[in-house]
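Engineer: Residue numbers (the working numbering), protein chains in the order written: chain A, 1 to 510; chain B, 511 to 838.
Hints may be right or wrong, so weigh each one.
To be verified - Among the chain A residues that face chain B by a calculated CB cut under 7 Å, a handful are:
| id | residue |
| --- | --- |
| 1 | V259 |
| 2 | P325 |
| 3 | R326 |
| 4 | G344 |
| 5 | L366 |
Keep in mind the hints are simulated off the structure, nothing from the lab.
C-beta: ideal position from N, C-alpha, C; glycine also.
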Amino acid sequence: MTNPSPLPALAVQNLSRRFSGVQALDNVSFDVMPGEVHALVGENGAGKSTLINMLAGVLAPSSGTLEVNGKRVTFPTPASAQRAGVGVIFQEFNLLPQLSVAENIFLNREPRRGFVIDWPELYRRASAVIQMLEIDINPRTPVQELPVAQQQLVEIARALSMDPQVIIMDEPTAALSEREVERLLYLVKTLAARGVGVIYVSHRLNEVFTVANRITVLRDGRHILTAPASELTEDSVVAAMVGRELLHTERPPRHPGNVVLSVHDLAVEDSVKGVSFDLHAGEVIGLAGLMGSGCTQVLEALFGLRAITAGTVMMEGKNLNLGAPRQAQHARIGFVPEDRKRAGIMPDLSVLNNFSIAVLDRITQLLFLNRRREGALMNTYRDKLHMRYSNAGQLISSLSGGNQQKVILARSLAQDCRVLLLSEPTRGVDVGAKAEIYALIDDLVAEGMAVLLQSSELPEVLRLSDRCIVFAGGKPQGELDGAAMDQPTIMHLATGLAAESGPPAPEIIT
Amino acid sequence: MNPAILARNFIQVAWRSYRMGFVVLVVGILLAIFAPHFLRADNIINVLTNASVVAIVGLGMTLAIASGNFDLSVGATAAFASVVSLSMVPHYGVFISVLIGLVVGAIVGFCNGIIITELRVPAFIATLGTLTIVRGFSLIYTKGQDITLFGDTGYKVLSGGRLLGIPAPIIMAVALAAVLAAVMKYTPFGRHTLAIGSNAAAARKAGVRVNPVLWGVFAIVGATAALTGMIVSAQVLTANGRLDTGLELQAIAVVVIGGTSLSGGQATLVGTLLGSILITMINNGLNLLNVPASYQLLTVGVLLLLAVALEVSRGLDLRKVLRIGTSA
């Protein structure tokens, strides 16, 4: 810490919030010192969002106090929080896509000359902020033309331009690739080195341990512990988050059977080329690669969502023609799409209707749905997947991310698929649900399911896959298994460095 | 489960389901008290009959809106189907001519569906285009003239027929609502429609064949528009290319006032029936109270704005509730 000021940049004391009978946050206290990165972790429903919203002036606390640099403050509006020096970067960006980077950074605070905006000054100031971040973005570019990772940097630049005492980042790496995560974590450390207090909210414990000085765990709206990161381990934090010791599971021994899905020299649209593999029953093949490497496209093509431009796909020796999801489903291929909110759930429909949408023709008799069979089918999978909901008629959007994901999984399983294509199967679900989903995948594979997995979380690929194919630039770079399958080797292949005799690989933070 | 939560859920569901019925009842009581002759049997039947005519196309529109779309061409479709149908009566008789009208409407709707799904024109623009085109067809077909039925052809049964003393439009509207409600709830087509309206990308990735479902939805909308158009024509035994202008706005209004969400994924056909009754009833009441017609124009607009504003504020509440539920 560069600034050993005795006063916390932000101190939260006995903060509580109740929503019509539900205690979302109960008497939580913690503080962040200037120059400190303080990680805030907890499962979904632990109260992190409620806390952040109160610090951002979006929600009013039911009781409790806030202090910035030792001064009592209240945040009746988001603007008052900003004025007091608390900048919040929400998980969902608040950018105006058509406006330029500079306009977004200084939205509502544009430098003026008389009644008009002083454009040269605006760009000058924006450049200054961007330079502080040691990044290379043209302040005149419309935000919508930037990749997601850079849009996030614009959010950070905006927060930084307000000269904050504290910056709060809510799941800042949710949409980033491994490479971009590293840069972001470096940036977080740079911010702290300037004396800003950073509250870093994340599910990903490896990031938390990379970047945080102290860690605070919330559970069920209550403060569980605050301790220096050096005194904690990932296991002890997980135990504090879920309130019980999670079984630290290894990949169980697998017993692959016959070849189920055989892909030969597959090409997808213009983006992917030369993919070949044989997927056996009772086996998991992981596809690993940075964002845009083509893994997702392979999965989507195998489910008939993208055009296959060359190569063959065979299911148990029979050639498949995959022009539409229907045909993939007929071939008993199931798919769990990566972006649950955008492509998985139908938010206005019930849990039951979300589950059964893909198998309606099987429970239809004489034009009409047999609703008893539908309910019975749902119950089977509810038990098998340990889904938690009070009533199959409730809206799926009222479930936690983990339970939503189980419904989507059950949707595929109910089609009796032999091959399961999983894209980011645990994105945005909490630690407990993640462990359950891993165990479920293990069970399915033990029963003979063949799984093709794509995940941007390398530990997930390593935990679940028997073999792994690494992609870069739309081409497979190599296949790894056994002891050769580890994070550094995968990253090496994924960044395309193995093929070139260029400079040595960058250090990989794991 | 906690009894307090059970009770709350029950009240929420009851209010959501019967909200419109409650509003209709309250407005009805107010009109009964203040508007002379409102409660007379012939006036009530008159209100319900007129409400049914709008309701029929509104029921079709409910499906379009539930699928996340719109159909602005229903007025033009209604007029085209009517002129074709009436012109067929001297040749093929009433029954066949009405069938032809329905088929014409369904074909126009089907074309809307094709334009939206295959040419990927947004529904708003696509149906705005067909609105104009189909109006043009009607005017060309009739050469700008009225088509009038002379003599007792029996066509009037559509508007004036009675079964057990109940006028035909009321029977058709109620029967259609029942059939479509069953379709939405108990058939794969209905479920697929709602799934598409809620999240078309997700529906596609779940294996729903989105395009054929939408062709079906728009064909149904076209057929209901045709039926409404033919009933209106039957009332005066005349049809022309300028008939039913503005029908699309009435149809969308009764759907929205009835409580079907404009964002798709959800449909209430009973709500659409009640929405039609509410609008018709209020206009009737204002008539009875001798409010000038120009003022009556305001009611539909004001009601529509109120209904949407209510829906939006409900949506906001819901989002807040969800935020607590998934608070991370």
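Engineer: Hint by hint, note whether the structure agrees.
Structural biologist: Hints, one by one, checked against the model:
1. V259: violated (25 Å)
2. P325: Nearest chain B Cβ about 4 Å off; hint holds.
3. R326: holds (6 Å)
4. G344: This interface hint holds because 6 Å falls under the 7 Å limit.
5. L366: violated (10 Å)
The structure fails hints 1, 5 (numbered hints given earlier, in ascending order).
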